[in-house]
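Asker: This is what each chain is made of:
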Amino acid sequence: MGHPEHGAMLRADGLRHAFGHVMALDDISFSLAPGRTLVIFGPNGAGKTTLLKVLAGLIRPQAGCATVAGGRGAVGWIGHQSHLYGHLTVTENLLFWAALYDVPAERRRARAAEVMRRLAIADQADRRVWALSRGLAQRAAIAKALMHDPQVLLLDEPFTGLDLAAAGEVRALLAQLRGAGRVVVLATHNIDEGIELATDVAFQRRGRFVHFAPRGAHESAEIAEAYRRAVGAGERGERGGRLVGDTLRHAWTIARKDLLLEFRTRTAVLSAVVFTALVLTVFNFGRDPTAVATIDLAPSILWVTFSFAAILALNRAFQLELENEALEGLLVSPISRTSLYLGKLVANLMFVAVVECVALPLFVLFFDVPIWPVLAPLVAVIALATVGFVAVGTLFSAMVIRTRFAELMLPVLLLPFFIPPLTGAVQATARLLDGRPLSEAAGWLRLLAAYDVAFLVLATLLFPHTVDE
Amino acid sequence: MRLARAGRWVTLVGLVLMAGVYLRALAFTPIERSQGPAQKIFYLHMPAAVWAELAMVLVGLAGVFYLFLKDPRLDRFAAASAEAGTVFAAIVLTTGPIWGKPIWGTWWTWDARLTLTLLLFFLYMGYLLLRSATPDPALRARYSAVLGICGLVLVPFIHLSTVMFRTLHPAPIVLKPSQPSLPGSMLITLLFSFGVFTLLYIGFVMQRYGLSLLREELAARERAAAVARGRGGGGGDGGDDA
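These protein sequence lines are chains A and B, in that order. Each residue of the first sequence is one higher than the one before, counting from 1 in this note's numbering. Each residue of the second sequence is one higher than the one before, counting from 1001 in this note's numbering.
These aren't lab readings, by the way, just hints derived from the structure by calculation. Glycine included, every Cβ here is placed at the ideal spot set by N, Cα and C. Treat the hints loosely; a few may be bogus.
As the list claims (entries may be wrong) - Only part of the chain B face toward chain A is listed, based on derived beta-carbon distances under 7 Å:
#1 V1016
#2 A1019
#3 F1065
#4 L1067
#5 L1119
#6 F1122
#7 L1129
#8 A1133
#9 V1146
#10 V1153
#11 H1159
#12 L1160
#13 S1161
#14 M1164
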């Protein structure tokens, strides 16, 4: 998504995209100048959503390219999902998305108040999204899309779930935006929706525009009749956050949001902590202190506990986005994929660190292992090993959410990758608990450090391939 | 179909030559002094171990090229190579304990190299499971490439851990910085076996590649038939609007 020439805000050139043998987009070209509103009508399966996703930069077309003046940061997207986090309030959601779209911090609250007022949801500002009715949630989703004052607004069936009054308010808002020079592309299967907003009308059928023309002075009924007759018969987005500072800031925004969600729900950390306590208890029942000295088993027990608890924590990283139907929204936003990966990585590291902070004292309590004299080097070993397997785990957790049996798939994929850091960590821990100096484990520490660097770099590079369509 | 058939012939030639390897190993190669006849399994075990790892390297390299070129042939090759690698890893894991029982006195021990070959086998299983759990072909190819590349980077770490971890395994006698310490006749048998395993790898990959082509063709026909049925029934156009 680059910059279209000749004053057009949005341009599509020869877009083609097929899913298997089914053409979703077949040679679609058009351009829209400021103030134009294109309404695309088409039956279910015509390829309207695919077209909007290509324009939003969510799908890379197999041929042709879509360009938006201002890049992805200039696009506002309302898809089939709300992209709102149920456990955050409406205001918290709007502030989160505003931060991702680089709305200046001092303007975010005022902007949130303004869009909520325009969408008549100001009285819902402090309610959590899961408590909203479908219509109110849809209005909040539209508010989210407007937070960064986008130049191009892409709307996929935006009136779904709205009552007549709310739909009228949204139409009035879109008319205002058109008057302010914004480009709007609206896709719907219902000819009665949004027709009065259109400056241009397209009918899409089996991936093709079978009609594309300015609306002119045609009445809605004429267009509806024309529609019935007609239908009856790359460039990738400019990635925001090019600077390291932007990347890290966006990453922190995502990590903070994940932490806030976890603080609200406390499901992942609590279940991982309980699981950790259970594993340590089971190990305790199974050991025979007269047969094998505890100190010999201790490093393995500690690291098996850590790794299983980590898998639990990692499994929820992208599941969270799926549950809140927000992943698509994150991918459309102008943050780089690197920011998204690093944000998730930081959040996962913190979750796993919390679990380890609980597990370590429990381990000392249950097994009476003297870790206090070697606490500092032991923490360093734990940190080194944890970074490595969380780096891989974060990458794989993004991948498995779109597979069948996602919860089972993550441990199956991860465990072989856990072994080198676990082997290194167990060896280093054994030497420390044995009272030997850390220098004796220098080789293992180098292995852990090399693993961390290799998989942090690799996972950052490969991450876009796991989330892009 | 032609490729799968050709692959079947290559595999058949490989299996016949494998009989030759064992004839040479049993009748024309001296018995190793310390290990006795049990050492003969080495001619099967070692080339299988090399190809189990090489196949993963090729899966990873195919993944790297796939992410750049998006050529489905690379994905088909990677999948075929992973299946062949799984077979070779299974051979290593089967022949290892058969050798280990008379030499170490136990079928299985948590020796580092044995354990890490088991991990390589799990890595292959994970790769194949990921493929079967990802219904969308384009997504499947991309995820497989990502996992294959990660596997490629993991293999050196596995090796490094093997070197650093305590092991009961014999030290390398062929692939080492100095001259191979294997007697000439044993080395020839080993190289012969390695050549046969290479042929088997090629045969397996040709067959699996050819079969995946056939499978894709069948899926395309089924989709086309479904679309035709949908049109005939006056239903929607079957396009993707999601």
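Asker: Run every hint past the structure and note whether it holds.
Answerer: Evaluation of the provided hints:
no., hint, result
1, V1016, "35 Å, violated"
2, A1019, "34 Å, violated"
3, F1065, "13 Å, violated"
4, L1067, "6 Å, holds"
5, L1119, "5 Å, holds"
6, F1122, "5 Å, holds"
7, L1129, "6 Å, holds"
8, A1133, "4 Å, holds"
9, V1146, "5 Å, holds"
10, V1153, "6 Å, holds"
11, H1159, "10 Å, violated"
12, L1160, "6 Å, holds"
13, S1161, "5 Å, holds"
14, M1164, "6 Å, holds"
Of the numbered hints listed earlier, those contradicted by the structure are 1, 2, 3 and 11.
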